[in-house]
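Put together the whole structure using the sequences plus the hints.
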Amino acid sequence: MMRRMMIPAMIVLGALSATGFAPLDLWPATLICLALLIAATARAGALWQALSRGYWFGVGHFSVGLNWIAHAFTFQDKMPAQLGYLAVVLLSCYLAVYLALAAGLAWRFGQGDSARIAPLFAAGWIVTEWLRATMFTGFAWNPLGAIWLPLLPVAESARWVGTFGLSGLVVIAAGGLLLLFERRWKAGASAIAAIFIAALAALQPAPKGPAGPLIRVVQPNIPQQEKEGAAYDRANFRKLAGLSGSPGVAPRLILWPEAAIPEFIEFETYARLRIASLLGPQDMLLAGGVSLIGDAQDRVIAARNSLFALTPDGRITGRYDKSHLVPYGEYLPMRPILSAIGLSRLVPGDLDFWPGPGPQSMEIPGFGKVGMQICYEIIFPGHVIDERNRPLFLFNPSNDAWFGAWGPPQHLAQARLRAIEEGVPVVRSTPTGISAVIDTRGAILQRIPRDTGGYIEMRAPPLAPPTPFARAGNLLSLALALLLAALAVAMRRRAR
Numbered sequence: 115m116m117r118r119m120m121i122p123a124m125i126v127l128g129a130l131s132a133t134g135f136a137p138l139d140l141w142p143a144t145l146i147c148l149a150l151l152i153a154a155t156a157r158a159g160a161l162w163q164a165l166s167r168g169y170w171f172g173v174g175h176f177s178v179g180l181n182w183i184a185h186a187f188t189f190q191d192k193m194p195a196q197l198g199y200l201a202v203v204l205l206s207c208y209l210a211v212y213l214a215l216a217a218g219l220a221w222r223f224g225q226g227d228s229a230r231i232a233p234l235f236a237a238g239w240i241v242t243e244w245l246r247a248t249m250f251t252g253f254a255w256n257p258l259g260a261i262w263l264p265l266l267p268v269a270e271s272a273r274w275v276g277t278f279g280l281s282g283l284v285v286i287a288a289g290g291l292l293l294l295f296e297r298r299w300k301a302g303a304s305a306i307a308a309i310f311i312a313a314l315a316a317l318q319p320a321p322k323g324p325a326g327p328l329i330r331v332v333q334p335n336i337p338q339q340e341k342e343g344a345a346y347d348r349a350n351f352r353k354l355a356g357l358s359g360s361p362g363v364a365p366r367l368i369l370w371p372e373a374a375i376p377e378f379i380e381f382e383t384y385a386r387l388r389i390a391s392l393l394g395p396q397d398m399l400l401a402g403g404v405s406l407i408g409d410a411q412d413r414v415i416a417a418r419n420s421l422f423a424l425t426p427d428g429r430i431t432g433r434y435d436k437s438h439l440v441p442y443g444e445y446l447p448m449r450p451i452l453s454a455i456g457l458s459r460l461v462p463g464d465l466d467f468w469p470g471p472g473p474q475s476m477e478i479p480g481f482g483k484v485g486m487q488i489c490y491e492i493i494f495p496g497h498v499i500d501e502r503n504r505p506l507f508l509f510n511p512s513n514d515a516w517f518g519a520w521g522p523p524q525h526l527a528q529a530r531l532r533a534i535e536e537g538v539p540v541v542r543s544t545p546t547g548i549s550a551v552i553d554t555r556g557a558i559l560q561r562i563p564r565d566t567g568g569y570i571e572m573r574a575p576p577l578a579p580p581t582p583f584a585r586a587g588n589l590l591s592l593a594l595a596l597l598l599a600a601l602a603v604a605m606r607r608r609a610r
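Each number in my numbering comes from the position in the sequence shown (counting from 1) with 114 added on.
In short, the hints are calculated from the structure, not lab data. Hints may contain errors.
[Unchecked claim] Label pairs and their calculated CB-CB ranges:
no.: 1; residue 1: Thr251; residue 2: Pro137; range: 18 to 28 Å
no.: 2; residue 1: Arg429; residue 2: Arg502; range: 22 to 32 Å
no.: 3; residue 1: Leu465; residue 2: Ala345; range: 17 to 27 Å
no.: 4; residue 1: Leu197; residue 2: Ala355; range: 32 to 42 Å
no.: 5; residue 1: Gly323; residue 2: Gly159; range: 49 to 59 Å
no.: 6; residue 1: Leu205; residue 2: Trp162; range: 40 to 50 Å
no.: 7; residue 1: Arg352; residue 2: Thr248; range: 39 to 49 Å
Cβ coordinates follow ideal geometry from the N, Cα and C atoms, glycine included.
Take a look at the structure:
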């Protein structure tokens, strides 16, 4: 009976564990569910049982945490909206493999002892979460460490161990709770104390350097269903123009969202001049749009998701092209094969987006260097900053109007982690929310809520010195995993 109930129990525990992510932020629930997973893994009678328990926990965990993906299918006219729920489950079944591997490794080398399984599980979680963010173009959404953001001093440990290392600290905390429940007071208290020590070591005051340039972040509140069509284009431009404000004495860097410009502005002079008319003589504007790629016969063969820098006289002085594209959203992998079986409908239009060269800082005349990461790119730890050209702040224009109620706050949470890791402020502009200005400690200085039009005008927060993570990247997370594995080995030898 107990064996038959184990799979549904693990699915339910996994589902409840996902409530620790935004927007619910019920992080104690995540710790309790993970503690029960560690206990179930320790009590597995065979490797296949440990793998199974980790796998089904993962299916529940990812199915609930990624439920916003289903909402995106409601905007696909060529695909039934119900397919969105199937897509969430299928993706979760794949992602759960990584969690199963972590559970299997912990069981194999932990020998049924919770005190050894906990650090091994933490080490395995770090490594498999890093693999999840890397393999097959990577899918780094909802790293477990994001649940610490309501406890910002703990989240600030990411500047030392990275987000994947922060995820390992979640598992260590859960293991500590389990050990306390088992009345193994010394081991449990040591695990919990390690979290507080990490938080205290990572604490730092707000940077006291000079503030950055004057920025104006625009959120026009344009729903996804109102983004296409000439009538919508005119109304949407009026919203953007009204929120961009009037020129003042101080130069402003105006920041519009991803895909804010419907025209191909590299070829349409009128569209550029219409935007330029909103700018003062010293203002600049960064806005998302699409650039086209042609072949030798001037036929359009692909497009790029781009960010353009525009001057008050309508010139384009810089362009950043998104490099980490969303499979099945911005391009169709294996297009010839999938098109032949009718799956080209997964991607709007007949053109794929092509990737740009990677993280870049753009020199904005009069404002300094600005880093660029469009939408989904911000979720990949260690891959957001041009290391040779460190920016004053990182601009993350995004279109989160696709992603329902859960996607935007989760996206914002991951932007906060990048600010902590790199010691670089992050500024987000979105059509429907959540636009925000984030300092280098991950604190949100100002935000515009979902489904609200508005703007933020302020000086960009000061830049912090490069953090340990900014210098060493994800090697720090992997080093922590190695340290935790070594701790488990030492505990095993001591037990002998």
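Here's how the hints hold up against the structure:
no. : hint                         : result
1   : Thr251 to Pro137: 18 to 28 Å : holds (27 Å)
2   : Arg429 to Arg502: 22 to 32 Å : holds (26 Å)
3   : Leu465 to Ala345: 17 to 27 Å : holds (24 Å)
4   : Leu197 to Ala355: 32 to 42 Å : holds (38 Å)
5   : Gly323 to Gly159: 49 to 59 Å : holds (58 Å)
6   : Leu205 to Trp162: 40 to 50 Å : violated (24 Å)
7   : Arg352 to Thr248: 39 to 49 Å : holds (43 Å)
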